[in-house]
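Undergrad: Chains as they are written, first to last, in the working numbering: chain X, 84 to 197; chain Z, 132 to 243.
Just so you know, not all the hints are guaranteed correct.
Claimed, not checked - Here are the simulated SDA-like cross-link-like pairs (lysine to any residue), alpha carbons at most 25 Å apart as the crow flies: (1) X/Lys151 to Z/Val182; (2) X/Lys132 to Z/Ser148; (3) X/Lys141 to X/Ala169; (4) Z/Lys211 to Z/Ser229; (5) X/Lys151 to Z/Glu231; (6) X/Lys132 to Z/Ser181; (7) X/Lys141 to Z/Asn161; (8) X/Lys132 to Z/Lys211; (9) X/Lys141 to Z/Thr243; (10) X/Lys141 to Z/Ser181; (11) X/Lys141 to Z/Arg239; (12) X/Lys141 to Z/Lys211.
None of these hints come from the bench; they were simulated from the model.
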Amino acid sequence: AQSVTQLGSHVSVSEGALVLLRCNYSSSVPPYLFWYVQYPNQGLQLLLKYTSAATLVKGINGFEAEFKKSETSFHLTKPSAHMSDAAEYFCAVSGMDSSYKLIFGSGTRLLVRP
Amino acid sequence: SQTIHQWPATLVQPVGSPLSLECTVEGTSNPNLYWYRQAAGRGLQLLFYSVGIGQISSEVPQNLSASRPQDRQFILSSKKLLLSDSGFYLCAWSRGLSYEQYFGPGTRLTVT
Chain X
84 AQSVTQLGSH VSVSEGALVL LRCNYSSSVP PYLFWYVQYP NQGLQLLLKY
134 TSAATLVKGI NGFEAEFKKS ETSFHLTKPS AHMSDAAEYF CAVSGMDSSY
184 KLIFGSGTRL LVRP
Chain Z
132 SQTIHQWPAT LVQPVGSPLS LECTVEGTSN PNLYWYRQAA GRGLQLLFYS
182 VGIGQISSEV PQNLSASRPQ DRQFILSSKK LLLSDSGFYL CAWSRGLSYE
232 QYFGPGTRLT VT
């Protein structure tokens, strides 16, 4: 069965520092992978997606993620954190059935220190 | 372009009262529809999904139910709310044959 593990429920970085949010997945078939961001009291917004094309995926707000099949990882990065990046980030992997469900990780809260 | 609406935005209800949350999608046809719940400090829990009008699948047995009376309308209901039903309820949609989901703004439900 598909599953997603996000390492670190909280990550704290200084403004201007590298952001690295970790996501490892388990899938018996080539997966589709997604990163979503959620600001307080809002819905989730799609940051980027991997759908078996280029392994390095660029998203909105300067974020990117690299699909590494050998490591079953899809880590999210941003070279320089901004205060506005403070939010909760969710990694998700595609399910296998005709419902087109996503399997979400438990989320990582990113804190950005001034 | 497509838009997803949820209402109400916030709701405070006493234990034992009924519930009806509505989700509507505009600008697309025959979407897949999903209801999620986020308890405080927790991740996303998929409650129901629907791949077509009148088709509802439940992920977690509970006192909630869902209905899809029209192609782009998804309703979450309860006959009697429990304290544990408090949370942030999110509706999402995806195109048929696609995993990419788009989320609504959510409904904050507090059961007192």
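Undergrad: Name the hints, by number, that the structure is in violation of.
TA: 1, 2, 4, 7, 8, 9, 10, 11, 12
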